[in-house]
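Using the hints, position chain U against chain F.
So the protein sequences, as listed, match chains F and U. Sequential numbering from 1 applies to the first sequence in my numbering. Sequential numbering from 189 applies to the second sequence in my numbering.
Watch out, some of these pointers could steer you wrong.
What the hints assert, rightly or not - Only some residues are given here: those of chain F computed to face chain U with a beta carbon under 10 Å: (1) Met5; (2) Gln12; (3) Arg16; (4) Gly20; (5) Leu34; (6) Thr49; (7) Ser53; (8) Lys55; (9) Ile58; (10) Glu60; (11) Phe67; (12) Ile74.
No lab work stands behind these hints: they were computed from the structure. All residues carry an ideal CB built from backbone N, CA and C; glycine is no exception.
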Amino acid sequence: MEPTMTPEERDQLIQRYFDGETLGEEAARAERLLDEDPAAAEQLAVLRTLSNSIKIDIAEVLAEEDFSDYWANISERLNHDPIALSEATDAIVAETSLPLAAPPNLFERLFGWAGLAAAAGAAALIAVGILTRGGPVVDPGIGAVAAIDHTIVVEEIESPSSLVMIQQEDSSEPAIIWIIETDEVKEG
Amino acid sequence: MGLAAKIETPALTELADRDLVVRVLDGEQDAYKVLVERYQGRIFSVAYGLLRNREDAREVTQEAFIKAYRNLAGFRRDSSFYTWIYRITVNLGIDFRRKAYRKREVALDETRLVPEDAHHTGPRPMPSPGVSLERKQLGGRIRAAIDELPEDQRAAIILREIQGLSYKEIADALDCAEGTVMSRLFYGRKKLQELLEDLR
Chain F
1 MEPTMTPEER
11 DQLIQRYFDG
21 ETLGEEAARA
31 ERLLDEDPAA
41 AEQLAVLRTL
51 SNSIKIDIAE
61 VLAEEDFSDY
71 WANISERLNH
81 DPIALSEATD
91 AIVAETSLPL
101 AAPPNLFERL
111 FGWAGLAAAA
121 GAAALIAVGI
131 LTRGGPVVDP
141 GIGAVAAIDH
151 TIVVEEIESP
161 SSLVMIQQED
171 SSEPAIIWII
181 ETDEVKEG
Chain U
189 MGLAAKIETP
199 ALTELADRDL
209 VVRVLDGEQD
219 AYKVLVERYQ
229 GRIFSVAYGL
239 LRNREDAREV
249 TQEAFIKAYR
259 NLAGFRRDSS
269 FYTWIYRITV
279 NLGIDFRRKA
289 YRKREVALDE
299 TRLVPEDAHH
309 TGPRPMPSPG
319 VSLERKQLGG
329 RIRAAIDELP
339 EDQRAAIILR
349 EIQGLSYKEI
359 ADALDCAEGT
369 VMSRLFYGRK
379 KLQELLEDLR
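Excised from the complex, chain F in its bound form:
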């Protein structure tokens, strides 16, 4: 046993080693201890015997268990309470960021997020010329993912705020837009 280690500390280290919870230096330390200290080796043997005995006991019980009617019993009880599932769905949709449902109204969320900036945006003079660039369109029947270029060129934006909303005239829904300032824009 290492000079500074009590019997309890030794056994705790051996337990962690046995459970696969030691890494690197701690694992090496446990292995050294097992080589040098017969009490440590004895403790490891006890843990193995105990573990095997428990496993065998439960495995025998498990092997005899008939699970064939479990699902029938469970589903019968679940079908008596269909309300729980819809409540669960609502709650999990609310908590998650996964796209389980489309956001109801992006404008409302945007205004809610930055009402002041949006109000400033509404008052702003925005001169936008939108030209749809005819980008390459890949036939979705050929590739696994269709690469469609939806790039539009915005020639000029004037706004007292850094927050600007853009909506295409012929679209009822706003789009998610990344605005990238290019050299051409800077020069213009």
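Same frame as chain F, now just chain U:
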């Protein structure tokens, strides 16, 4: 060939737990059947480890799945489904044990298998004709010894020894710190060593 023809929908049994949970919440009850069938053996083992009684373990296992289904909204999907349902099972098992033992103390005494060489009480006898008497007695002694442990130590040992969970996973399932798990395992095993000293 169109795009649709190239996309193959994986069978439910091939889906990860997380995806199955999403399917269940989307109204697909067959997805929950897959989760039940995937974990029923493990949950039964935990329940049996805690309760030492087949009928009780069966009841707690089924109840755990029903409770999990009804509380899917509370399932934090940054944790794993199985540690979550282990937690439900352990809580139900502890609760069941407290209630059942108060109610049926006399009845259990009459049906427990009590090994000749042990003073501890054990569970009901299990029909296992191929198993030797010696092995039966050993099983009875192990069950009796585990029965002696405090609930928190018993739960930690079952999750570690039967389910092979890491300390982190046990901590998640029992809602405690990893250091607490190590301590429960350590003192629980020491107690078992004392009770089963002649097995060395």
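Hint-by-hint comparison with the structure:
1. Below 10 Å, beta-carbon pairs count as interface contacts, and F/Met5 has none with chain U, the closest being about 15 Å; its hint is therefore violated.
2. The closest approach between the C-beta of F/Gln12 and any C-beta of chain U is roughly 6 Å, which is under the 10 Å cut-off, so the hint is satisfied.
3. Interface restraint check: F/Arg16 against chain U, minimum CB-CB distance 7 Å, threshold 10 Å, status holds.
4. Look at F/Gly20: its Cβ gets to within about 7 Å of chain U, closer than 10 Å, so that hint holds up.
5. Taking 10 Å as the C-beta contact cut-off toward chain U, the hint placing F/Leu34 at the interface is violated, the least distance being around 17 Å.
6. For F/Thr49, the shortest C-beta to C-beta distance to chain U is roughly 6 Å, which falls under 10 Å, so the interface hint holds.
7. At a threshold of 10 Å, the smallest CB-CB gap from F/Ser53 to chain U is about 5 Å, leaving the interface hint in force.
8. For the restraint placing F/Lys55 at the interface with chain U, the shortest Cβ-Cβ distance is roughly 6 Å, inside the 10 Å limit, so the hint holds.
9. Interface restraint check: F/Ile58 against chain U, minimum CB-CB distance 5 Å, threshold 10 Å, status holds.
10. Contact between F/Glu60 and chain U, as hinted, is supported at the beta carbon level, the nearest pair being about 6 Å apart and thus within 10 Å.
11. Nearest Cβ of chain U to the Cβ of F/Phe67: about 5 Å, under the 10 Å cut. The hint holds.
12. Nearest Cβ of chain U to the Cβ of F/Ile74: about 5 Å, under the 10 Å cut. The hint holds.
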